[in-house]
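The lines below spell out each chain.
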Amino acid sequence: MTEVLATTPGLFPLPDRAKSALADLKGHQKDDLIDGEETGELLEVYDRARRDVIEIQTDAGLDRIVEGQLRWDDMLAHPLCVHDRVETRGIVRYYDNNNFYREPVVRGELTYDGDVAAELDGAAGVDQAVLPGPYSLSDLATDEHYGDDAALLDGIASFLAGEADALPDVETLFLLEPSLVADPPDDGEDRRASDAIDAVAGAVPVDTDVVVHTYWGAIPEKPYAHLMDAAVDAIGFDLVADHDRTLYNIQEYGTKPSVALGLVDGKNTLVESPAEIAERVEWVLDNLPAESFETIYATANTELFYLPVNKFEAKLEALAAAPAEVEL
Amino acid sequence: MSPPSDTREQFRPPEHPTEHFLMTTVVGSYPKPSWLNRAKDIAADDDHDFDDGDLGEALDDAARTITDEHVRAGLDVVVDGEMRRNEMVEYFAHRIDGYEFNGPVKVWGHNYFDKPSVVQAVGYDEPWLVDEFAFTTGVATRPVKVPITGPYTLASWSFNEHYDSEAEVAYDLADLVNEEVRRLVKAGARYIQIDEPALATTPDDHAIVGECLEHIADGVPKHVRLGLHVCYGDYSRIYPEILDMPVDEYDLELANGDYEQLDVFKEPAFTKELALGVVDVHTGEVETVAEIKDNIIKGFEVVPPERLTVSPDCGMKLLPREIAFRKMENMVQAAREVEAELDAGEIDVGFAGE
Chain Z
1 MTEVLATTPG
11 LFPLPDRAKS
21 ALADLKGHQK
31 DDLIDGEETG
41 ELLEVYDRAR
51 RDVIEIQTDA
61 GLDRIVEGQL
71 RWDDMLAHPL
81 CVHDRVETRG
91 IVRYYDNNNF
101 YREPVVRGEL
111 TYDGDVAAEL
121 DGAAGVDQAV
131 LPGPYSLSDL
141 ATDEHYGDDA
151 ALLDGIASFL
161 AGEADALPDV
171 ETLFLLEPSL
181 VADPPDDGED
191 RRASDAIDAV
201 AGAVPVDTDV
211 VVHTYWGAIP
221 EKPYAHLMDA
231 AVDAIGFDLV
241 ADHDRTLYNI
251 QEYGTKPSVA
261 LGLVDGKNTL
271 VESPAEIAER
281 VEWVLDNLPA
291 ESFETIYATA
301 NTELFYLPVN
311 KFEAKLEALA
321 AAPAEVEL
Chain D
1001 MSPPSDTREQ
1011 FRPPEHPTEH
1021 FLMTTVVGSY
1031 PKPSWLNRAK
1041 DIAADDDHDF
1051 DDGDLGEALD
1061 DAARTITDEH
1071 VRAGLDVVVD
1081 GEMRRNEMVE
1091 YFAHRIDGYE
1101 FNGPVKVWGH
1111 NYFDKPSVVQ
1121 AVGYDEPWLV
1131 DEFAFTTGVA
1141 TRPVKVPITG
1151 PYTLASWSFN
1161 EHYDSEAEVA
1171 YDLADLVNEE
1181 VRRLVKAGAR
1191 YIQIDEPALA
1201 TTPDDHAIVG
1211 ECLEHIADGV
1221 PKHVRLGLHV
1231 CYGDYSRIYP
1241 EILDMPVDEY
1251 DLELANGDYE
1261 QLDVFKEPAF
1271 TKELALGVVD
1281 VHTGEVETVA
1291 EIKDNIIKGF
1301 EVVPPERLTV
1311 SPDCGMKLLP
1321 REIAFRKMEN
1331 MVQAAREVEA
1341 ELDAGEIDVG
1351 FAGE
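Protein chains in written order, with the numbering used here: chain Z, 1 to 328; chain D, 1001 to 1354.
Some clues are possibly wrong.
Simulated restraints, written as ranges between beta carbons of each label pair [as the list claims (entries may be wrong)]:
(1) D/1222 / Z/144: 42 to 48 Å
(2) D/1322 / Z/17: 32 to 38 Å
(3) D/1214 / Z/283: 35 to 41 Å
(4) D/1322 / Z/89: 24 to 30 Å
(5) D/1237 / Z/90: 18 to 24 Å
(6) D/1141 / Z/314: 51 to 57 Å
(7) Z/122 / D/1282: 33 to 39 Å
(8) Z/248 / D/1267: 37 to 43 Å
If you are wondering where the hints come from, they were derived from the structure by calculation, not from laboratory data.
Using N, Cα and C, we set each Cβ at its ideal position, and we do this for glycine too.
Chain Z extracted, bound-state conformation (with noise of 0.2 Å):
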């Protein structure tokens, strides 16, 4: 009996009180971005913009509740960012958007840190983590420590899984991959690309569900298939960008048991509404006919903080009301 979850890949936009509120304590400048050591205030403000988002989240009534990720201002290379053995230096563009974030560079051996546990477990209600998946936190990084690709790779991946296995249990762990579309892997990096994403989903229990969510379009054929080697629960689409080369990866390589589609845009502000949504879940059905999922989770395709928060939170109430539309 498949079941359809309404979830999201988490990095919400601040509430706008809390954008101001963290200007004001932190400042504008790269020097002022999160170092992961906030205390006083600076905690409380995060604190409570972490209670809003997940309250918005209940309210919704979604089906996984994130816990925002409002810390990293560096987006998806905030686990490097806060990290002792890491240097930030100049600000660079975050694929290709009009954001920017501090590019990491590695000056030694990338060991537990804790961050993302930390956050979580200051987060009750919360029960799906998201991660960077190692191939795109590779790919956001500067190396100056393991000295070629592969080594990075491997320190990356060793690293997250030291992060991974110190998560609180929660149902679901969302690693974003979107560098596997953005800046694919190249022969032979496509199966260690895969082999790191193994690395990484090994470390949560088995009973956690992983999802290898991938955004920016469609992955090319060959690092599909090597990520079909990865011992995943699902692997995520970004449908609103490219729909057809998605379905035809599918058709020809097949999927895990369980898969997120990306159907509702994250950087739109155009609301989707619920049968919308349903539709577009329907659509992906009637043309894998060949394919029986366990659990399909309906999301947002990118990150989400590229909305103004009003639009956020209508797409995350159309996001939640959408499984009960979907006739299977």
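Please build the complex by placing chain D on the supplied structure of chain Z, with the hints as guidance.
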């Protein structure tokens, strides 16, 4: 010496001391006086007895002061430092039908902007810049340039809820820019610069920008100088294609990258006019006159002096005001010295064309 272009000579000041004329100007934005920011805060606060009329007066005063600051720096062509514009997309979106604002979105860290949404077909509502131009011209003793955010950037930095593609948004916006340019020309504008920083993010879209410029240039008289400003990107991905665009001048950021990209413009030959970035707007260090002279002379490797305009890399609004002023002053001084040395035959022009 090749003949000066049709659109350049009109900006030569009557008292210009040398035969050579390296036109000096700026890209547009300039640091706002701190009292203007304070005045805006107070005007937004209902507890204060400082209304929109008072704020209008403050904006006029700021525009007058900064225009004068450009004149005092010695620039040949000035702007008002975009004192009335809060941000390069928001300002225009507020004046265009079809746009809606929903709240701030993150750019990086705790820097946000009110990214607007296009929710229906865009339309021309009220004039955008005609009043700004008339005011600046009224207080300036030099010709005035009008920078306008380009349609491609206006489209790229908005959410698109209505059109099938971003290109279609851009083309419709280009028609509105054309309407505005025609009104500006009617009001006496002779120098208009289209700013397209978004092209740097997506250089493969240069054909869309080119098509937009065809819309914008339509019906604009030949004596009006049209420029295109593009910054902080890989120019090799848009050159030489940009040479086909219907503009007279390309305003490019090159000092920030220490002229690493200069060679891009040598082959094939640069057939238009070049507004060369000769001071870096991302460093608080004021370049010396000698350093700026070296930068200007690098420009002669791409175009002869008759086709070189001297300008900062980009808008100066992020610099401290005092630094911005000193950079302009040194830039003008450097240009005047290079002109005199060119007159005296003391400089070898590297330009190999023609």
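Verification of the hints:
1. For the pair residue 1222 of chain D and residue 144 of chain Z, the beta carbons lie near 55 Å from each other, so the given range of 42 to 48 Å is not met.
2. Restraint check, residue 1322 of chain D to residue 17 of chain Z: a C-beta distance of roughly 35 Å satisfies the suggested window 32 to 38 Å.
3. At about 39 Å, the CB distance of residue 1214 of chain D to residue 283 of chain Z agrees with the hint of 35 to 41 Å.
4. Between residue 1322 of chain D and residue 89 of chain Z the beta carbon distance is about 28 Å. The supplied range of 24 to 30 Å therefore holds.
5. The hinted range of 18 to 24 Å is satisfied by residue 1237 of chain D and residue 90 of chain Z, whose Cβ atoms lie roughly 21 Å apart.
6. The hinted range of 51 to 57 Å is satisfied by residue 1141 of chain D and residue 314 of chain Z, whose Cβ atoms lie roughly 53 Å apart.
7. Between residue 122 of chain Z and residue 1282 of chain D, the C-beta spacing of about 38 Å keeps the proposed range 33 to 39 Å intact.
8. Range check, residue 248 of chain Z to residue 1267 of chain D: about 42 Å between beta-carbon atoms, so the 37 to 43 Å window is met.
This entry does not satisfy hint 1, going by the numbered hints stated previously; all others are met.
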